[in-house]
Structure formats: structure tokens, C-alpha cells
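Taking the hints into account, I'd like the entire structure generated from these sequences.
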Amino acid sequence: MSRKGIWRGLAVLFAAALVLAACGSDKKNDEATGGSSNTGKKAVTLAFVGPLTGPNANLGINIRDGMQVAVQEANEKSKKYTYTIKDFDTQGDPAQAPGQAAKYIPDTSIVGIVGPTYSGETRAVLKDLQANQLVMISPSATNVTLNSDPATDVFHRVIPDDGVQSQGIADYVTKKLKPKSVALIHDNSDYGKGLWEGVVKLLDQAGIKVAVTDAVDPKGQNYSVAVNKVKDAKVDLVFYGGYYNEAGRLKKQLTDAGVTATFLSGDGSLDPGFVVSSGTAGGEGALISCPCRLATAELGGDLGAFATKYKEVVNKTPGTYSSEAYDASNILIQGIEAGNDTRPKLLAYVEGLDSYNGISKTIQFNPDGNVKAGDVFVYQVKGGKIVELGKASELAG
Amino acid sequence: MQHQFWQVTIDGLTVGSIYALIALGYTMVYGVLRLINFAHSEIFMIGVFAALFTMHALGVDSERTGLALGGTLVAVVAAAMVASATAALVMERIAYRPLRRRGAPRLAALITAIGVSFFLQELFAARYGRDYLGFPRLLKRETLFKIFGAEVKTQMVLVIVGAVVLAICLDRFVAGSRLGRGIRATAQDPETAALMGVNIDRVVMLTFVLGGLLAGAAGALFGIFFELARFDIGFLPGIKAFTAAVLGGIGNIRGALIGGLLLGLLENWGGTVLGGQWIDVFAFTVLVVVLMFRPTGLLGEALGRARA
Amino acid sequence: MSLAARAAAARRVGVIDPVSRWWVRQHRLLRWAVAAVGLLVVLGWPLLLSRYSQTILFFPVAVYVLLALGLNVVVGSAGLLDLGYVAFFAVGAYTTASLTTSHHWATWATLPVAVLVALVAGVVLGAPTLRLRGDYLAIVTLGFGEIVRIVAQNTDSLGGPRGINNIPHPASVGGVDFELLPLPYYYLALVALGVTLFVVTRLRDARVGRSWAAVREDEDAAEAMGVHTFTMKLWAFAIGASVGGLAGWLYASKVTFINPDTFPFTFSVIILAAVVLGGMGSRAGVIAGAFAIAALPEYLRDAAAGQWITDRLNWITGGQARTITEYRVLLFGAALVAMMVFRPQGLIPSRQRAAELVDAGPTAGLATGGTPDEARVEDAVEELSEALATRADDADPVTDAALPVAATAGDRVLELREVTMAFGGVVAMSEVSLTVERGQIFGIIGPNGAGKTTIFNCVTGVFRPTSGSVVLNGRDITGQKPHRITEAGIARTFQNIRLFPNMSALGNVLVGTDARHRTSVPGALLGLPRHRREERTGRAEAERLLEYVGIGAHRHDVARNLSYGDQRRLEIARAIATGPSILLLDEPAAGMNPTEKRGLIDLIRQIRDSGLTVVLIEHDMGLVMSVCDRVAVLDFGQKIAEGPPAEIQQDERVIAAYLGVADDAS
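Protein chains in written order, with our numbering: chain A, 1 to 397; chain B, 1 to 308; chain C, 1 to 666.
Honestly, I wouldn't trust all of these hints.
[As the list claims (entries may be wrong)] If you anchor each label on the Cβ, the simulated ranges turn out as follows: (1) T342(A) <-> D311(C): 28 to 36 Å; (2) A131(A) <-> Q307(C): 26 to 34 Å; (3) A297(A) <-> V41(C): 57 to 65 Å; (4) D61(B) <-> Q380(A): 17 to 25 Å; (5) K481(C) <-> W6(B): 43 to 51 Å.
[To be verified] Restricting the straight-line Cα-Cα distance to at most 27 Å, the calculated cross-link-like pairs of lysine-lysine (DSS-like) are: (6) K41(A) <-> K309(A); (7) K385(A) <-> K146(B); (8) K382(A) <-> K311(A); (9) K140(B) <-> K345(A); (10) K372(A) <-> K176(A); (11) K146(B) <-> K234(A); (12) K219(A) <-> K140(B); (13) K86(A) <-> K316(A); (14) K180(A) <-> K209(A); (15) K382(A) <-> K140(B); (16) K391(A) <-> K372(A); (17) K201(A) <-> K180(A); (18) K41(A) <-> K79(A); (19) K382(A) <-> K345(A); (20) K385(A) <-> K176(A).
Note that these hints are calculated values from the structure, not bench results.
Glycine included, each C-beta is placed from N, C-alpha and C at the ideal position.
In C-alpha cells, the structure reads:
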């Protein structure tokens, strides 16, 4: 009986805690509105929206860390504002996105969003963001129709969409690599299949023989089915649409099976994690194209400085979308520094932004929120490191 | 498909061997406790991590050969087995035994298993990050021989032979030893077994330890084969192994072995013919069809009694 | 019922948790008041909350509660473990999305379609698999859940991995706009919940609900009592699926975007966790469980002590999490384990038993029982004969045949014609022919393993005879399904008692009476006159039957708490309730003490006198010889003698094969 009593007590406490928390968090949000700190600087908040837990968290964490670098730098420099980041963990899940939106939308201390990370979760909240004039800059959502369906003012992204990328990849393939036959593989994700479809179409138009098309399960490890098909078809080029973990795994298993065809993948694979997955030997020679710059300390310049700073702040090397997240954050910060510290003002600022000289690229937004098509860069894995080969257009020359 | 048939088959057997090793753990626990131990995936995951850390500790940074290779392999596999078995034992004590003591419904234990699974995954995610960790290459990838043009490589032989040997050892142990008799008795009728002087708690612990040992071995082989570790790496092999156990007849040791190998083959054949995106649909469809004709799996429920 | 009676009633149930016990003991008015306050809170409280909390109240809270109630029908009521429930949620959502975006339907118009398509999906997925039992069903449902998701992912017309975007919100209703704000959807979800609760409650208290309980407790016994186990399981699946479809519609119309990732396997698991955590089979429990499962991770996102906990956890795990958000899944897992370890039966366990107690009349469970009161038994016998007579007026062909009033000796009720039953190479029964005449007490004896129970199993459809035929009232019933045979007029008891152990005695007998009822899901939902009539007469008849076998005083006791002898009696009452023309008793005296045996002999005679034919398998020679009109002797699967008891006792072969030994042994 005493055990039951204890449990009953716990249950009541738990219920009470739940209720209190619900009320408590409301209050917290209210207090946060337009507060000012005692340093005389005004507090503004940027929201990170994306996955921090769950199986898709790695990209989200890259982005959040990139933001953190930007915010830390801004706080060191700014005389008028103190910046903070609030995390809204969606697990990358469209189902959880609206719940988080309902949390950051009423929180008026938040003037802009870096994210959402994935295209799916972005779709799930776009209308709501539009209704509340809350500007978002995604460093990573690349689906082709995000800018138009639904058409919104708030939507921006600093990474070209999959259409631009597949064009760049197709150009590079047809002009430089000139394979006789290719294998095209994707991960059956929104991003991977989207990119893959673009590439399939363009290579088909260019008259290149597509010998193998297949998909792999990103949750699985065993890609021998796809590997055998590639090996059997004796292709010259394997293109993979998907993220770096699976790309690395696929590349390793291809290498282990003795496949010597060139391996090419897109921006989702541009991450040091590719080499972790592929192994140093397994990944050797893989090509990765990206309309973006991967920050490494060796690069020097802005990107190198960013990589150094990144290591300092979060004790990691930058990954996919880290530099994009840094740029996206800095666009917002630059706007706020210019006095645009409310949502409508910041939205108007980003909409009116002429051009921003970011570390990943020079960013200009089209009216629909897409970034103006920039150069596609090609990288190669050499000796366990991802090195930049140059602009795809120039390489194709 | 024709050219690739033998290669696909051998690859399928390799993955199937790993499924089979994990499935053995599911089957043992299920046979004795009628519990689907969802956290078994995480016991496997712990084995993968343990293998990785053992390699780091042994300073493996390149391929080894000869005696050094043999010694390292034994050490890595043994360490993973011990780690997983310990984890399984702790889990049984903390999460399952209290439930058994209270005569909780079976589904309560299922939910506990899910809770343990979440907890362990997130624990490893917090500790070791959410990105993959790579293994150093221990075993040189070489083609040992060819069967009908299919290349049989060192790592495949290691996995298949390792899995089959362990499965046979387990089968012998359960069939032949005194402790094994205790397990079989408990699986058939726990109450009578208890009356006959079988210490049920010990049998359950032993079952979890055996399951853990095999999951650890599977983890080590998986690690050596795929050379990657991550907190959620056990999820999919776990589900697959559970499917394999049911396919073979859950509670049946030989069934788990057959089920695992068969599932690996089915996946690879199905994926080759239908495309990689249909692998799971194909595997589950075969499972449904098999169960419709053989409602207790291919080999039936040997460890436990057939339910009336 | 007096307060003391309620208290006593509640105590007897034992399993009920303090909350339910308190609830059961309260006055009706107070309960109404509490319910009204509860409703007020549910309706009014969200108005005071932030938009975030309101959103959370819609998704995940309300959606989880709805899904958990639906899954509870499958798992809690019918006892079918479903690990792929999210499939129906997906089907509902995809139906809505596809019809509104590709075919320009109005969102409201898709509501019934979404529910219907999900229901059909439930039937389609259920039909081939529901014959599987327990965990085999679990893995197959898991497979179907994955198949549905992957098919959506690989189907371009459903958007493939991208999913479907721009699903229109429902049109305004009565000035309420369904746009971006969460509150209208919350109230919409409440309406859906109300409807679901209504359906679930209606069914629980009807024939369907009892059938589910029976299937859950003992599927074979249920089948033998005439429960259409397959149909009933299919109904459970279909109803669970339609609730899932309803939730899918709600979700799709609010979020306006779905893709395959919305419906992962873990979603099914989470909903199952909600059901088990709350207390399977209990509506209040399931609601509480779903609330906890949905709200806990959200609560942990910014728990008050968050930073402190995060720092400690960082220290323990060596992690670098900045906020508790990153630890919430870990804490959630730990909480799941802790909750199950400390509360394995769920937060609020099933109140079914409590409800039965409350429904009961003033004498509920108060009489101490013991030996049956002679006068009451006689009354009951009389009433039963009347009841049996009135049954004829229903003009139901099956019950017509069961009319004991028209019985005349010499009619053949049951005939076995050269029935052989072989299992592989083992012949359990070889060319046995028997004829049982109306109004007889027919005994079957024989040493262990002689094939006695095999005869019963062949007659009742558990086994299909290898050759030969079984004829009931002139109709060949060979190889029919057990529940059909029960309907045709054969009822049985089991050698090792197979009651529905957690149902009340009355509930057990009601399952039996339901064999003669026709009301299915639609009738119970609409409360059709036939449903109400059947409930009324069934209950009255069940109570009379309990009196008849002498355990009327125990009608509200849980079956497994009855004494051994009373359990035997209850099993007989349950069998008679199916309205048979012939009753098969499998070793009814096994394990009884001499007093109980004498009572049993009286009962069997009384049953015969009421007009039923009885076939009896028994080891107890004294009992067989004293009560039977005719006896058949089996040895090694063959009939070696048949005749009146006196004759059998003299039969050389019988003595040689059997009696000489068994007489002493018994």
C-alpha cells in the first residue's frame, strides 16, 4: 500500500509539474519579448529550427554550430545588440515542425530564423511564417519547388536548389568526365531523389547511356545490391544523390568490390563525414560537386578564418552547411545592426538586400527567395581530405 | 540478375549471417520470456562500439596479417561479446526483473524494452555524437576464391564462418548442457521448471547473457565488415533480425539461423530484381506469405511450446 | 446500491487502482459534477494557454489520444498486438491529401472517404493475417506498416519521398475558420474524440465488446462458445483503422503537408506505448497514457530545472548538450522504463470489472454463496423452461432445433458415422459410429488415450475428421468451423476448465447467450431495438442460468476467483447459454470432491430433465454408471462396446480392456 501511496504522490506531482511547465513556459516567452539587458545593449534572438536530436541531427548540429560562430562574433563586435540563439528541435520531422513554429512564432524576441534545415519541415511551416512575417533563411533546404509552392515573401535560402545543382553536375559530367555509361543511385529521400531526378533527365537529354538506376536505404548498411549492379554493368561513372554518410558507405563498398568507375555526388555529400564513412582508402578519388564552399583551415582567406574560429568555438571542423549557416546568420545580423530589429523590418531588409559578400559565395536573392545561381565547385577526396578542384565551369572548360 | 546471381547470393548470406546472430538473441529471450526485447538492437549497437574501442585500445591503425590479425580479431570479438553481455545483464536486472517479479503483463515489458532502447540510443548519441565513427581497417579485403564467378572475400568468410560456428555452439549448449536443459525446461513451462528446482532467475539471466554474447559477436563482425559505428546503427539490423527470428519460427535456435540467412538472401535477390527501394516491401511480403502457410514460421517454435 | 455495497464491491475487484476505486464509490451526482468540471477544463483551459501549448494540445496530444483510443480497440479490447498502426493514420492522411490536391475535393468531403478507405485498408490487411496469433501478428502488422510507408515513398502520384503539399484547410463552419490557428483544430479533435469515445463505449458494452474480451482471454474457448472470432477480430481491426483514418484526416487538414517520413515505425511504437502505459482496455487510462506520452517530451524541452539537469547529464555522459532539449528523448526513455517498472498495469488500469460491478443490481457480490438454495434453483429451472419455450417464438431455425420441449425419446440428435481421425500416421480414432438419442445422458468411457476427447474435438469442429461424417439433427456438420457448429446446436465444456478468467461469471454466460444473437457493430452503434432487446433478454437469461446451475450468488465475481466446482458449473452454464440441443461435457467431475460430485450428478440429471441431451466423457465409473442412460466404451480409438450401463458392466471385452483396472483406480 505504501508503494502505491508513493506512486500516487509522484503521479500528482508529475501532473502538477506538467501544468506548471505549460504555464511557466508561456510566461518565459512573454518576459523575453523586447527585453533589454543591463549592459545597455538590446537583446535580439535568432531561432535555429531543425533537428538536434534523432537520426537526422547531424546536419542540424552543423548548422546550429555555424550560427553559434556568427553570433559569438557579432556579440564581440556589436555595440547595440546582444544576440542569442534559441533552439527549436524538430528532429527534422515535418510532423513536429508546426509545434515548434507555434513556439517561436509567438516569441516576439525572435526576429529571424536560420533554417528550417530540411525541405519537408520547411513546407510544414511556410504559410505560418508568412502569416507572421517572420523571415527565414535556410542554409540547406534545396527542394526545387519550395520557393514557389507556396509562394511566400519570408522564404529565402543561401544554397541553390537541386535544379541548379543537377544542371551543374550534368554540365560537368557531359563536358569534363564524358562517360560512356553511368549508374545513377539515390537514397529515396526528398533531397536525394530530387537531385537524382534532375541528373537523370539532363543526362538522358545529353544522350549518355544510363545503365543502372537504383536506390539504397539510408538507414541500412548493406549496399551490396547496388554495388553488384554497378559492377555488372561496367559503368564509367557512378552518381549518387544523397547525404554524405550513405555516399561514403556506398563509395567504400564500391571500392571494396573492385569498382574503379568515377564516383560523383552532390552537395549533401560535402562533409568530412564522407571520409569517415568511406574510410581513407575507400573514399579516395571520389568527386563531390557543390554550389558552395567547404570551409577548411587550409583554404585560408575568409573560409579558412571561419574554419579556425569554428574549431575555437565548437571544437569541431566545419561540416556540410556550416558555412552557409554562418552566412545566413550574418545576413540577419547585418540587417539587425542596421536597426532592423523587428520582424517586418528585418523581412523588408532581407527582401531588399542587394548582395551580401558571404564566405560561401556572394549571395543575391531572387524575388522568390532563391539565391541567384552561383558557381558550382568540384571537390575531390585525396589522401583522406576533401580538396577543392575548382569551379565546375572552368574545369569543364 | 543471371550474371550477378552468385555474387548477390554470397553477399546475401553475409548480411544474413549477421541477422542470424542478432536473431538468436531475440529468439532466446522470446523463447524463455515471451518478450520481444526491442532493446536487443541496442545491445548489438554496444557490441559495435565495444569493438571499435577495443581496436583503438589495441592501436589498430592499419591492416594486420597472420598471428597479429588472429589475436586482434579474437580480442575485438571477445571484448564486444563481454560488453554486450554485460549490458544485457544490467538491463535485465534493472528493467525487466522488477516487472517479472510483479507478474506484469507481457506488453508492459515490451514498452520497457522500447524505453531502454530510446535511453541507450540517446545515451550513446550524447556521449559519442550523432555522426558516424569510422573503424580502422583491420582485415585486408582480398578475394580468397571464386564460386561461379562470384568473388568470395576475406571479410565475408569471416562473418559467415563466425556466425555459423557461434550458432552451432549455442545450439549444442542449449541442447546438451545442464544449463541448456534449464533453459529448455523454462521455455516449455516455467512453473513446472521452477518446481523441478530450476532457478528461473538464473535461467533468465543466462538467456540474456547468451543473447548478449551473440549480439556482441554480431556487433564486432558488423563493425569489422562495415567499419562504422553510430548510436542508431542497431535499429535496422534489429528489426531485420526480429523478422528473421519470426520467419524461422521464433523461439527456435535453428529457425533463427535459417531465418537470418534466408532474409539476407531474400533481400539481396529482391533488391536486385525489383530495385533497392523495394527491398523491405519484398522481405515483408515474403514473411506474410510464409506465415500464412506456416503460421509458426518455417521451423516452428521448438524452444517454447506451441501455443494451443 | 448503498455506499457500503459499493465499497465492498470495489474491494472485491482488487486490481482496480485507487482512482477508480474512489470513483466507483462516489455518489452519482458527484460523478456527474466531476465529469462536468472535467469537460469544462477540457473546453475552457486551452483558451488560456499560449499558442504553443494550444498547438501541442492538437498535435501531438489530441492526435495521440485519438490514435491511442483507436489502437486500444485492437490491442486493449481484442488483444491483437498491432505494431503497424501508423499505416492507417497514413492511409487517412494520404487519402485526404490526394483527393484534395489531385482531384480538388473539398476537405470536408474527404472526411468520410478517409475514414472509409482506412477501414477498408484495415479489412484488407486484416483478412489474410488475423488468423495468426500473438507476436506473429505483431511482426506482420509491423511489416504492413512499413509496406504502406514505402509504397507511398515509391509512388510518384503520391508525391514519392517529397510527399503532398498544400492540402487545403477545411472550410469554415458556423463562423469558425480553420486556418493556421490551432484552437479550432483542437475543438475539432475533441469532437472526433467524443465520437470515438461514444463508439468505443457503445461497443464495449455490447455483444461485440464481450466477444473481443472473450477472444482476448481464450480464443479457442471463444470459438467454441460460438464467437465468430475471425469476424470479430476483423471488426476490431476495421474500427481501429477507421479511427486511425480519422486522425489522419485531422492531421493532414491542419498541417497541410505530409510525406512518408511523417509515418515512421517508431510512431506506431509510441502510440502502443501510450496504450500500454495508460492501461490497456481502459479508456481513461489510454487517454492519460497518450497525454503523458505526447506531453512529456514537449515538457522536457524546457523543463524548469532544465539547465541544472542538462549540466548533470553532460557530466555523466560526457556530452556537450547546451539545453535539455537534446536530452529529452533520453529522459523520455528512462521515464518509460520507470513508469512501467513502478506501474506495470498502467496508469489507470482497465475498469471493465469495476464497471460490471457498478452496473450490477443491489445484491451484487454481497451474498456469500456456498451451496445453492434449493428453492431458488427450482424457480430458476421453471423460469428457464419458460425461457426456452419463448425462445421458440423467435422462429430462429437454430433455436427451433434446440427446443427441448418437443423432445421425444427415439429421435436421433447426434450421429457419428464411421469417423476416423488420424494425425500423420497416428490413428487417434478409427471408424467410430455412435448414435445419441434425444433426452439421453450418453456416457463415453475408456482408458487414457482411448480417443475420448478426440471425439469431442471432431464433433465440435476443432479437428476435421479424416473420414466419416458427423450428423446433428439429420444435418451433416462434418468439418464445419467450431462457431458454426455451436450455432447448429452443440455446446461443450473443456477437460481443463477454459473460462474467460478475468470476466465476471455473468460476462462468461453472456458470451454464451450471444451465440444466439445477431447484433453486430452497426446495430450496437445505432442502439437498434434488436440490440436492446437482445441485451435485455440475454442478461435476464444469463442470470437465470447462473441460478439454474446454482451459482447465481457469484454472478459478479471474476471467474478465476470462483471455487473449482463453481468454475465447472459456470462452464456448464456458459455452454447451455448458447442454446444447444446437445451438451458435451468433458470430464466434468475431474478434480471434484465427493460432495461436489453429488451436486454435479444432480445438475446433469436436472439438465436432462429440462430437455437437453447430454454426452459425457468421464473416468469416474460411479458417476457414469449412476447417471448415464447409455454408455459407449472406447479403447485404442475403437469402440469396443455400447449399451445400457448394466450391460456394459457385464461386458467381457470391457472388463478385459478397462473396467477391471479402472474400477479400482477411480
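Structure-based check of all given hints:
no.	hint	result
1	T342(A) <-> D311(C): 28 to 36 Å	34 Å, holds
2	A131(A) <-> Q307(C): 26 to 34 Å	33 Å, holds
3	A297(A) <-> V41(C): 57 to 65 Å	58 Å, holds
4	D61(B) <-> Q380(A): 17 to 25 Å	24 Å, holds
5	K481(C) <-> W6(B): 43 to 51 Å	48 Å, holds
6	K41(A) <-> K309(A)	24 Å, holds
7	K385(A) <-> K146(B)	34 Å, violated
8	K382(A) <-> K311(A)	22 Å, holds
9	K140(B) <-> K345(A)	61 Å, violated
10	K372(A) <-> K176(A)	24 Å, holds
11	K146(B) <-> K234(A)	19 Å, holds
12	K219(A) <-> K140(B)	26 Å, holds
13	K86(A) <-> K316(A)	21 Å, holds
14	K180(A) <-> K209(A)	6 Å, holds
15	K382(A) <-> K140(B)	21 Å, holds
16	K391(A) <-> K372(A)	16 Å, holds
17	K201(A) <-> K180(A)	16 Å, holds
18	K41(A) <-> K79(A)	7 Å, holds
19	K382(A) <-> K345(A)	46 Å, violated
20	K385(A) <-> K176(A)	22 Å, holds
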